[in-house]
Every structure is written in structure tokens, then in C-alpha cells.
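Here's the letter readout for the chains.
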Amino acid sequence: MAVEFSFRFPLPQGLHARPAVRIQETADRFVADIFWDNLKTAAVADAKSVLSLIGSDTQCDDPCRLRLRGPDEQDAREALIRLLLEDLPITEARIEEALPSTPADVPRVLVLEKALFFRGTPAGAGIAFGPVRIHDPGLEMDGEEVNRPAESVEVETAVFRTAAGKLEAEILRQRAEKSDPAELAVLDSHLALVRDRALIAKIEHFIAAEKNTAGTAIARAGREFGKTLQAARSAYIRERVADIKDVSRRLRTLIEGGPGKENAVRLDGPVILAAADLTPSEFLALDRNLLLGLILENAGTTSHTLILARARGIPAVSGCTDIRKKLQAGENVILDGGRGFVLPSPSPAVERYFERDTAAETRKNEKRLEKAGLPGRTEDGCRMEIAANIGHAEELQKAWVQGAEGVGLFRTEMLLMDRATAPDEDEQYAVYVQAVRAAGGRPVIIRTFDIGGDKPIPFLPLPRENNPFLGVRGIRLYERCAGLIQAQLRAILRAAVFGPLKIMFPMVGTLDEIIGLKDLLRTVAGDLAGASIPHRPAIETGMMVEVPSAALLIDGFADQVDFFSIGSNDLLQYFFAADRGNPGVRDLNQPLHPAFLRLLRKIVEDARAKKRWVGLCGEIAADPRLLPLWVGLGFDELSMAPAAIPEIKARLAGLKAEDCRSLAQTAVGLWRRRDVEAALDAFGPGEPVGTLIEPDLVRLDSASRSKAETMQELASLLELSGRAAGRTEIEAALWRREDTGSTGIGLGVAIPHCQTAAIRSASIAVLRFARPFPWDAGDDEPVDLAVMLAIPAAGPSGDHLKLLARLSRRLMHDEFREALRAATDADSLARLIAAAAAG
Amino acid sequence: MTIVAVTACPTGIAHTYMAAERLEKVGKKLGFSIKVETQGAMGIENELSAADIAKADVVLFAVGIPVLKSDRFAGKKIIEIGVQEALKNAEAVLTRIKDELGR
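So the sequences go chain by chain: F and Y. Going by the working numbering, the letters in the first sequence line up with residues 4 to 842, in that order. Going by the working numbering, the letters in the second sequence line up with residues 1022 to 1124, in that order.
By construction, these hints were calculated from the structure, which means they are not laboratory data. Please note that a few of the clues may not be correct.
[To be verified] Subject to a maximum C-alpha distance of 30 Å in a straight line, what follows is the list of computed DSS-like cross-link-like pairs (lysine-lysine): (1) F:K805 - Y:K1046; (2) Y:K1109 - F:K805; (3) Y:K1119 - Y:K1097.
Remember, it's a predicted structure, so these values are computed and weren't measured experimentally.
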């Protein structure tokens, strides 16, 4: 006897881990054998194995059949029908509703392609494409297998069963102690795996048939199941692969002892690295030629590792929770550091989108580099020095190419990392001389060692502190390592003979501290003079303003130092009492809060009253959106990662200092961050340009072959022209309009348009397609001409409105469209458009 | 045969004017006496007067948003279509109106 039941699989997300566990649990209550046939994929699964069920790759609406055989087959059939058709659809629907939906600013191609992607915080602009390397020795099942000869099949089987029993007991014990539903769910899925019939059978098969040791058999079975599920497009199933790894690891640990010692990350080919977090020294130890991109789970965007990654132009995303469980080692991944996306195994259309996006970014940067060599100044001639932050002298070459006018911050603590002994005076001297020579007369500000309990230095045993950021760090530490600091000051004074080196002290909070440091500097200079060693005693000296108490005593400090540089990362976190690296309080650490802007204004005003200059460094100095505020507050210098310089200079050249000053004046008078945000948005990206179209906005042989690619190309063109900031927003705005109704107007023409704050000035762009394509699904008339109208958020001026209305009318005239189609170069097409608009 | 029309679209920058131009062109070709009012970002232009409306055999709205001052058309025979339809199918729409009026 046997019974059957045929049905279509009802769950929209397909048969993933959660429902599979429910089915397996129900099936397990009966003695009957129960098989799950997916008639579409022709897979036959054991309904009492979660892994086997998931492996059937059952998607929504797939025709399926249950086959049951055994004494209680009728009862089992009824129970499973109830579960499948009544219970699961309701409970699953409730859970799916609670999941976050797709955010609005996702590139449309990902939605159209139904691409799987994960989001984190953008942490380093740029797009990387390549295989992913997962840095988590504990989770790697491909790790070394313990090499010992297998005992008899009976012994190895017993070893495995003992370990499985122990693990089951261990999980049950852990389960009893937990109450958090998420943790319980993980433990439950581990429990289901350790009891999974298919997994157990596979392991015992390797032991019996292939004479493997228990450990090897577990590793092989884990890998085999992992591979089956690896192709899945569902994030849930990918997480299940990580669970298999985890259970496999725990079993092997029980058999073979603890996991091997964690080694330094060694890259054996070009990869995108995914890790929980990396220390700066781990990062520096990586072969930079092989590191394509970086995905971190826990780091905040101002972690030093990410600062280093940005300095090297490595695309990075942080805050990607559990990303290592969601990606498969070795699979190809697109990493979009600018938008914070991680896309595993992209489809060809997605790949093409990001290739084109990379090309657009490259063209934009090339265009910016053309002007990067010019000194930083606003459109109305207000000068602002744009300098580079570096950690190694070798980064200087890149900094000059990007247009740095000097080094605003040389982080010397990098010299201390990755070594067993302290660098002596001569070694440091060599580094500083290398830097000052490479600078070729540009100023270089050397910040003395900024170390503390959060940055372990092997040769400098620092006590562990409960709260290292508020502990003995920066200059507070100098008394304990006097030799190291004296060597540094001597090396700087000696190197200063070769060019304009300056000294800057970190973490100064009181006047006595800076007076003491100046005394030390004089003593050191005296020693050098006494020993007749060439040096420059009169060196410009400055201090970082990062302790809030110092920020309110600038007039006093101004008698002691020549300049101030605001260390905004630390000043922000001390000022708001919110850790910059802690995602839980990131929202409180806000540069746009009026209280912080008031503090900055006071620093600048007090310094200016004493004729001292003030720079700004830290992440906020490199944010083009915030630039109008820094101009308006009157900073003399901004210092940032070299990669950020071209964009900042370009943006600076489009700003009017006078407008920026009134913006800053408004902003400091407000009370809430969101009000400052609004003022900044209303400020807009700059002055409008007069004309509607120019030849650079025309492409006569566009390679775009879909609506999605057209939107992308139009947005890139507009950004490249400098008429708008941010192609992502323009593209999104074009789609927002398109979603309210097609902009295909028949006659082979589409007129996509948008209105957004990203647009500086009303603009028209025209694409003529090399290969015409249908604009809308089900529309058989191919479009060969796209005329885009882009309007600023505030609306076009009255003049522009008239021009656009006239152009729209002209597009209805056959002879005008034919003329557009017949134009032989971009120049004449642009002239046709301009003439039509002029009437 | 006389027809008056109003065109209006949500952004009021392009479609309003394209639809107006299209209706004027096709209307003339089909032998209508036609006047089209645009309600776009520049406000109401080529406004239909009470006399224009009184003379008309039919009123055509080619709109994606509500028509302003719609009380002017009280008691008239009104045909409403989308802006997009006016662009793509102006000829078919006006031919059908012509056939109905001729009957």
C-alpha cells in the first residue's frame, strides 16, 4: 500500500530552510517513508531530511507530489496536507511581511533582473568584480583535514556517532540557556542538521565505502551538501550552507580538537575579501595588488582599516551583517563600495550595468583629474588648500596625481605597526626625509604618534583599558615612552632641513600639555645643536583639536601653536559621546548637528582672531555634500584621503564663497540636524548654466539596448557634463517618472525626464540608438531616439519652461524628427535642438 | 465641425505641449476647427473662452490630472482620454469623434 498527494508548492519564497524544517518535523512524527517529488526539477527528496528537501530546489508553484508508504501513511498524508496548504502559507506570509522590503534607491537593473544582493554601509567608493575570499578560519570547511590513517569502519563510525551525540547534547544545553528567538532559531537549525538523516547517511557512507576518517568524512559530506545548495538564489538557503559549515566544524572540533591557530590572511590570487573586521595591521599585511575589494561585517566607516582602504582606492562596504554566511567562498561577486552593495553571482545584464557604471566613473574621474592640478579655490576666488592624509610615504605619489597641495596629516603611528621593535631615530629620519623630498616643496604636517590602548603595539606593552578612547592615548602616553617620542622629534627636526615639515600633536586637552611639549621640542633642538647635528629648530608647530575642552580654549592655545587642525572623527565622538564605530549610536554621531557646527564656528573664529589658520581633517572633510558648510565656516585647509581630492576640488570650483557663508550662517542658527539637512538640500549643487544643451550631451551611436541601459547612460552623460551631481540619483529620478507612466510617445521617440535636486540646471540630452529597441514590453514599435529633459528640483526658470514647451511641440513635427535622425554629428544635432527650443 | 480640447499632464513640461501640438495637427488634417488649451507648468495658455466653448460640438480632455476651471464645460459633451493616448492615437481618437458627430 502506498498513498500519494499532488499539489503545487504554495510559498512565494520557495522551499527554503524554515518551511523545510517544519515539513521534516511533521514527517518525523510518522514511521512511514515519505518522499517529496518535484515534478518540475525531477528531484526526489526524503521528506525527513531538511537538506534533501532544500536540495529539491522547489520554487513557488512547482508541481510536486508526496509519496507515503507505511502503516501510518494515511495520518501522515493528512498532517502534511494540512501543514502545506493551510498552516505554512499563513505562518510564512506573516514572517515575510516582517522582512524589510527592497529600498527605493536600488539600481533598477537589480529589480528587473531579480538579482540577489546584500547591503551595507558605503565605506570606500569604487566597483570591484572578482571571486570572494571568506576570512573566517573557524568557518572554513576546506581547512586542513587532520591527516591520520583511518581506523576500522566500526571505530570511525563510533567516533562520528559519539561526536554527533555530544554535539546534540551540547546544543540542547545551549538551547535551555537562551531566550532570544533569533539565537534559538539558529540552534534549532543546527539541531535539525546534526539529526539530519541525509547528512548522517552521507557521512557514514564516506566512512564505510571510502574508508575515510570520521573527520574527513564529515568535511566531505559538508562540502558535498554545501555545493548542492550553493547554486541557490535564495538568501535563506545560502545561510543554510553556512549552518552546515558550522555544524561540520563543531563536529570536527569535537573529534580533532580545537580549530587550528588563526594565520595571517594570505591572498593567493586577486580576490574580494570578506571578514568580520580587520585590524589595520592585518590589512597592511595583505598583498595590495591582489586585494580587489573589502567587505567587513562590523567596522564603522571611520575605522582605521577602512581609512587605509580608502587611501588606497580599494572599494569597501562595511556593516554587512553575517555576509560571510551569505556568500560562498570563491563565487564571483560585484562589490559596489560607493552605494554599499554586495552582489553574488551577478547575471550578465547586472554585470554589464556595473561595467558601464565603472566606465562612467572612470570617465568622470579622468575629467576631474584634468583640473585637479589647479589650486583649490571657489568660483569667486576664495582660496582653500586641499591636502592629503597619508599613513605611508609611498602614498604620496598617488596624492600628487590626485591634486593634493600638501600633506595635512601624516599618521606616523603606522610606522609602529607590524614590527617587534621600535623604529629608531635614523629609521624615522629616513622616512621623513623620503616624504619631504617627495613633496617637492609642498608642506607636510607630521602628526606625532597617536597610539593608545585600542591599538596594540608589540614592543610597547600598554595596560588594557576599559575605555581606551577615553584613556591614555596620544600625547597622554608620551611620558611612558619618552625615548620613542624624543627620537621622533629629533628625526622630524633633522628632516625639516630638506623642506617645509611641520609638527602636529594629537589629543591635546590642556594648555600645560602643549607648553610641556614645546619645552620638550626646545630641549631636543638644543641637544641636536649641542651635538652639531644639522636640523631646523624653528619649525611650525600645530595641534589637533579633537578634545572638546581644547575647542573652547583656542585663544589660549593660539599663543603656543602656529595652526590648528580639527580631528573631526574624534571630536565628533567625544562631543556627542557616541562611538563612531558603533552602529547602534551612529545616528548620534552627526556632523550636521547645529551644536557641532557652532563648535566648529567658534574654533575658526577664535583662531582667526589670533591670526592662526585652521584645517579640517577626518571623514567629513572629504564629503562633497558638506563642502559648502566648510567653505562657509571659513576653514583654510581641508585634508582627506587622496582619492577624494579631485571631486572636492571640482565641487569647490563651482561654489560661491558668499553663498556658502550665508548657508553656514543659517545652519548654525538652527536647532536640529534635519533642519540643517534641509538647508543644505535647498542650497543645491551650485549655479545653473545658461544653455539647455551642448554637444557633450548628445550621443549619435548609443550602445544602450534597453530602457534600463538608456536611463543609466543618460544619467552618466548628465553627471559627466557637470550639470548634475550623482548619476545614481538622476537614474532613480528618471525611473520614478517612468513608473508613473511610460515616456514613450510613439513615432520612435521616448522622452524620459526627471526633476530632482541633483540637477543644477535644466538640461536636454539626446541619444540615438545604434540598435533600436522596444521602449515598453508589448510595444512593437522600436524606439531609435531618446530626448531627455532634466529639471532642477526648484523647477526650471520661466525661460527654460518656454524653451522646453516649444521643443516638445516641435517633436510632434515629422520634419523635425527626420532632421534629428539625419544629423551627422553631435554638434549639429545640439544646434537643431537649441534652435527648436528657441522657436 | 468644431472641437475644443484641454491638455494637462502631471509635470506639465513636455507631454502637455506635445499632446496639444499633435491634436492641433491631426485635427486640422481631418477638417476640424480646433483650439487647444494647455494647462502646464506655465499655467493656462491659449485659454478657451466661453464663446469658444459655446461654439464647440465636443470637448476633448487629454489629461493625466484634473482639469482646472472645469465648470466652464458644464452641459457640454466631454470626451476624456489620457495624454499618452492623445500622443499615440490622436488620429484614431479624432476620426472616431468625427464619425460620431457626422452620424
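In ascending order, which of the hints set out earlier in this document are inconsistent with the structure? Nothing - there is no hint that the structure violates, so all of them hold.
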